[in-house]
Amino acid sequence: MDNSYDAIVIGAGNAGLISALKLVKENKKVLILESNNVPGGMATSFIRGRFEFEASLQAISGYGSSEKPGPLYKLFEKLDIVDKIKFINLTEAFHVYCKEKKEDYVMPFGIQEFINKMNEYVPNSEKAMKKFFILAEEVQKALLFLENDKNVNSQTLLEHFPNFIKVAALSTDKVFKALKMPKKAAEILSTYWVYLGSPTSTLSFVHFASMLLSYIYLGAVVPEKRSHEINTILAEEITKNGGVIKYLSTVQEILFEEGKVSGVRLSDGKDFKSKHILFNGSPTFLYGKMIPKEHVPKEALKLTNSRVLGARGFSIYLGLNQSPEDIGLTDYNYFIYHSLDSNSEFENRSALKNNSCVATVLNNINPHCSPAGTTLITLTSTFFGDAFDSKVTEENYFELKNQIAENMINNFEETTGINIKSYIEEIEIASPVTFARYGGHPEGIIYGYKLTGLDNLLPRTLNKEKENFIPNIRICGGFDAWGNGFSNTYLSGYRAAKQTLLDMKGEEE
Amino acid sequence: MNDLKLDGLGKKERLKFKNLSKDREKVMASTPLDNIKVDYNTNEIARSLHPKLQYVKVIDIINESSDVKTFLLAPNEEKGTKKLAYFKAGQYISVRIRIGKCLYKRPYTLSCSPKLALNNRYTITIKRKEEGVVSNHFFNNITVGSSFVVSAPSGTFCYERIRDAKNVIAIAGGSGITPFISMAEAINDQLLNFNLTILYGAKTRKDIIFKEKLDKLSSHEKIKVKYILSEEESDKYETGFIEKETIDPYLVEENSFFVCGPMELYKHINEVLKEYNLAKKFIRTDLFFSEIEVRREENFNVKVITKDKEFNITCNGKETLLSAIEKNGILAPSSCHVGVCGLCRSKLISGKIKTFDSDLRVSDKNLNYIHPCSSFPESDIVIKLPN
Ligand SMILES: Cc1cc2nc3c(=O)[nH]c(=O)nc-3n(C[C@H](O)[C@H](O)[C@H](O)COP(=O)(O)OP(=O)(O)OC[C@H]3O[C@@H](n4cnc5c(N)ncnc54)[C@H](O)[C@@H]3O)c2cc1C
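Residue numbers (the numbering used here), protein chains in the order written: chain U, 1 to 509; chain B, 510 to 896.
Chain U on its own, in the form it takes in the complex (with noise of 0.2 Å):
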């Protein structure tokens, strides 16, 4: 059997599984090796009793819809996989909860709606509000623009994009001040800061008014039958046109020949050979233990060693045994935090001290996601720093996953004033632990590195190519520069697989 293909690819996450499906796509025979036994990496789903649940999604963003394609929408589109997945809308953007203060928000999908809800709970705050969103268009289309044009001094972007070029380093609470932002409005508005893992005194301003705006403009999606679906879809079609997946197959070590990559080797001893490789998972595992150290460059190290671990995830999965009517479920996304503060909020992280988390209701947008009479509800948190590292061991593992998980549930029915726990008939509860064995990443981390200083979206943007630090390795997923997310991952996939094209013409030449 001939065991040598045009590119292999590590991973079948999310951007592993569309870079492949680029690369087929352009006839390359492409070799997908992936550990655990189906597609899709930490965007998965699994079954207990009677539910499925969704492992890792809440919503994707950039997506859309036909009237309005999101980036996403025109990747789906570009790969012929649009019409294969049927996405449901959700309905609001968000609904938070400040524990300290007993106070809660409900924010609507749409810009003007967004402003004047807004507007309603802090009054005087629309015209900031109005500047914010301007100002996020602008940084999202300067981004844009950047992402082919990576000159600083580009002629076209100082005339274009004066006001980007004034944020573009600043951190989120800085420009929240310069547009005099009223602290509630600033507060509600940081919502969204979990999800990007990442407190807004060092998110970089333009990272987080680029997603938020994408969110609050084009809303977002689930797909109907759990993100599973798509990763079935995604397989389908990349076997479909000659790529080849194995499964269970975990790749211990990069071959190299003659100082230049050659191919992979699995822990089982078999190897594979490629010129061309693009790495689905952790640069600190790629790095620091599966190259060959004399072909580890030294500013790979360095760099490597100067980024921060970002959030470590800790989910619950509930099936309960009445409807989200019967419960007094109403919303689809609840965000329980402690304080509005994403500062003071991430501290207590760090120190394991909240039980802040997401919940999702997903009958609550999607009704027969489970049987009838039934509600599947996710709580999601984030820690960061060794707060959950230097806690666990072996022997306490089981006993400290369940208090972590009693105090969330807890916390969620003390804030919100509804009774879940009577109702549990299904629970399973993922911990660092379990994201560390099954995305195979570091410590638990589910959002890649902490986005933070110099290590936010626009300086790794800036040095991506400078950064790439061996020849035909593509780096791909929640560590490239945006960070995690469906869309995000997506999108960095298939970057990927551009690169790969160009790194296989140059080679032609």
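Incorrect hints may have been included.
Once the Cα atoms are required to be at most 27 Å apart in a straight line, the calculated DSS-like pairs of lysine-lysine come out as [as the list claims (entries may be wrong)]:
#, chain 1, residue 1, chain 2, residue 2
1, B, K578, U, K466
2, U, K401, B, K790
3, U, K246, U, K289
4, U, K275, U, K302
5, U, K391, B, K836
6, U, K174, U, K99
7, B, K521, U, K127
8, B, K836, B, K816
9, B, K735, B, K675
10, B, K624, U, K391
11, U, K174, B, K521
12, B, K531, U, K298
13, B, K783, B, K753
14, U, K29, B, K753
15, B, K520, U, K141
16, B, K753, B, K790
17, B, K816, U, K141
18, B, K535, U, K466
19, U, K270, B, K816
20, U, K141, U, K127
21, U, K150, B, K520
22, U, K84, B, K874
23, B, K535, U, K298
24, U, K246, B, K610
25, B, K715, B, K725
26, U, K464, B, K624
27, U, K117, U, K130
28, U, K391, B, K592
29, U, K298, B, K783
30, U, K246, B, K816
31, U, K150, U, K302
32, U, K401, B, K624
33, B, K521, U, K180
34, B, K561, U, K273
35, U, K99, U, K184
Hints in this document: simulated from the structure, not taken from any laboratory.
Please read these numbers as outputs of a predicted model, since none were measured by experiment.
Starting from the known structure of chain U, arrange chain B with the ligand on it as the hints suggest.
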């Protein structure tokens, strides 16, 4: 262009933007060139709890009854397994046994306290089944010193304190006692905290396994054990089947039922429990399928496709596809053998199968994925394995 004005932002901020790329390089350049940290406690625990494989050897064999034996397992250090993974009471390991050129995998519940695993020991308890290839192999060929491979502990037939009632009625039949002995030991070792009443149905006194252990455990204030014999009259034991009257004395306001045993037990208990009109959440079984009534005693041709090879085998309508695949010496991933864990998920390219009400994801069902461990052929079949 918009006419937005940003007060207080100007030259300094623009310069910062221009320098972003260089500044990032500076940070990188000033980072010490240590080796990258690749060992993390969280990942280490993930590996400890879910090792890909565990090499074990038998260090003792205990005769529980004429047809039941308990095997005490220890890590096979020569093969590189230094420690055994911790587990939750009620979980199983999938045991791999090579007979001739065939590799068989069978799930066996860990019949000991999880605490034993922390001392690097497991026990599994096996009942000899007349036609059981693997159970007979254990009785005839496995001796002290034998070694084999087992999976990481797995399975969800466990007490969950967030979900389950504080009062648990465990109904066991025959070797279905194994998860409950583990739970009782765990309560005794203070790893779990709930009231456990074990109603244990056996044919005759001789068929009761773990009697001595159970009697000792029942002196714990949270543990009660009651034996019910179906085929022997005795003053000391109740006779007959487990009925509502057997259960009633142990009930409090809210109770969870855990049921484990042979199919006849499930069927019977199912009827008995109907009288209580319980919410589904209060009845937990370690079997998720209902017995399939129609199975055809007929041989079908099955083409099995793996990544590297294709095989043509036959499978009788009365056996699962996985069983035929194993018997023919084809390697296939599997673990639970009841359609739940999903490890054997395969694509049905053509043909018809009968399957348990098994646990397939909606989109897998739509795209013809099946679990061969719980699927019986009803026609000739072409199937693609995951490996
Ligand atoms: C609880 C939770 C909630 C989330 N909520 C949202 C949300 O609401 N909206 C949103 O947009 N995003 C959300 N995310 C983030 C989103 O799920 C991820 O960003 C995305 O799925 C990551 O995709 P990826 O391409 O980086 O690959 P990953 O999912 O990280 O997958 C990487 C794959 O590579 C494989 N792999 C790694 N190394 C190797 C190797 N050496 N050999 C073989 N295979 C290997 C792994 O097994 C894995 O399958 C959430 C994530 C989590 C965990």
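A quick look at each hint next to the structure:
Of the supplied pair hints, the one linking K578 of chain B and K466 of chain U is violated, its CA atoms being roughly 64 Å apart against a limit of 27 Å. A threshold of 27 Å between alpha carbons decides the hint, and for K401 of chain U with K790 of chain B the separation of about 21 Å falls inside it, so the pair holds. Taking the CA atoms of K246 of chain U and K289 of chain U, the gap is about 22 Å. The hint holds against a cut of 27 Å. Between K275 of chain U and K302 of chain U the alpha-carbon distance is near 25 Å, which keeps this suggested pair within the 27 Å criterion.
Of the supplied pair hints, the one linking K391 of chain U and K836 of chain B is violated, its CA atoms being roughly 46 Å apart against a limit of 27 Å. The straight-line distance between the Cα atoms of K174 of chain U and K99 of chain U is roughly 26 Å, inside the 27 Å bound, and the hint therefore holds. About 25 Å separates the Cα atoms of K521 of chain B and K127 of chain U, which keeps this hinted pair within 27 Å; it holds. Taken as a hint, the K836 of chain B and K816 of chain B pair is honoured in the structure, with Cα atoms around 19 Å apart against an allowance of 27 Å.
Annotation: proposed proximity of K735 of chain B to K675 of chain B holds, straight-line Cα distance about 19 Å (limit 27 Å). A C-alpha spacing of about 20 Å is found between K624 of chain B and K391 of chain U, which places the hinted pair at or below 27 Å, so the restraint holds. For the hint linking K174 of chain U to K521 of chain B, the alpha-carbon distance of about 13 Å falls within 27 Å, and the restraint holds. For a cut-off of 27 Å, the pair hint linking K531 of chain B to K298 of chain U stands: about 18 Å separates their Cα positions.
For the proposed pair K783 of chain B and K753 of chain B, the alpha carbon gap of about 10 Å is at most 27 Å, so the pair holds. A distance of roughly 64 Å separates the Cα atoms of K29 of chain U and K753 of chain B; the hinted pair therefore is violated under the 27 Å criterion. Between the alpha carbons of K520 of chain B and K141 of chain U the distance comes to roughly 22 Å, so the proposed pair stays at or under 27 Å and holds. Distance restraint check for K753 of chain B and K790 of chain B: the Cα-Cα separation of roughly 19 Å lies within the 27 Å cut-off, and the hinted pair is therefore satisfied.
With a C-alpha separation of about 46 Å, the suggested pair K816 of chain B and K141 of chain U falls outside the 27 Å cut-off, and the hint is violated. Note on K535 of chain B and K466 of chain U: the hinted pairing holds, with a Cα-Cα distance of about 13 Å set against a maximum of 27 Å. About 13 Å separates the Cα atoms of K270 of chain U and K816 of chain B, which keeps this hinted pair within 27 Å; it holds. About 22 Å separates the Cα atoms of K141 of chain U and K127 of chain U, which keeps this hinted pair within 27 Å; it holds.
Of the pairs offered as hints, the one joining K150 of chain U and K520 of chain B holds, with about 20 Å between alpha carbons and a cut-off of 27 Å not exceeded. Restraint check: the Cα-Cα separation between K84 of chain U and K874 of chain B comes to about 16 Å, which is no more than 27 Å; the hinted pair holds. At roughly 14 Å between alpha-carbon atoms, K535 of chain B and K298 of chain U fall within 27 Å of each other, so this suggested pair holds. Between K246 of chain U and K610 of chain B, the direct Cα distance comes to roughly 24 Å. Compliance with the 27 Å bound is thereby established for this hinted pair.
For a cut-off of 27 Å, the pair hint linking K715 of chain B to K725 of chain B stands: about 18 Å separates their Cα positions. Distance check on the hinted pair: K464 of chain U and K624 of chain B sit about 50 Å apart at the alpha-carbon level, beyond 27 Å; violated. A distance of roughly 12 Å separates the Cα atoms of K117 of chain U and K130 of chain U; the hinted pair therefore holds under the 27 Å criterion. At roughly 21 Å between alpha-carbon atoms, K391 of chain U and K592 of chain B fall within 27 Å of each other, so this suggested pair holds.
As the CA atoms of K298 of chain U and K783 of chain B are separated by approximately 69 Å, the hinted pair breaks the 27 Å bound. Distance check on the hinted pair: K246 of chain U and K816 of chain B sit about 7 Å apart at the alpha-carbon level, within 27 Å; holds. For the given pair, K150 of chain U sits about 23 Å from K302 of chain U by alpha-carbon distance, which is consistent with the 27 Å threshold. In summary, the hint linking K401 of chain U to K624 of chain B is supported, as the alpha carbons are separated by about 18 Å, within the 27 Å threshold.
For the proposed pair K521 of chain B and K180 of chain U, the alpha carbon gap of about 19 Å is at most 27 Å, so the pair holds. With a C-alpha separation of about 25 Å, the suggested pair K561 of chain B and K273 of chain U falls inside the 27 Å cut-off, and the hint holds. For the proposed pair K99 of chain U and K184 of chain U, the alpha carbon gap of about 15 Å is at most 27 Å, so the pair holds.
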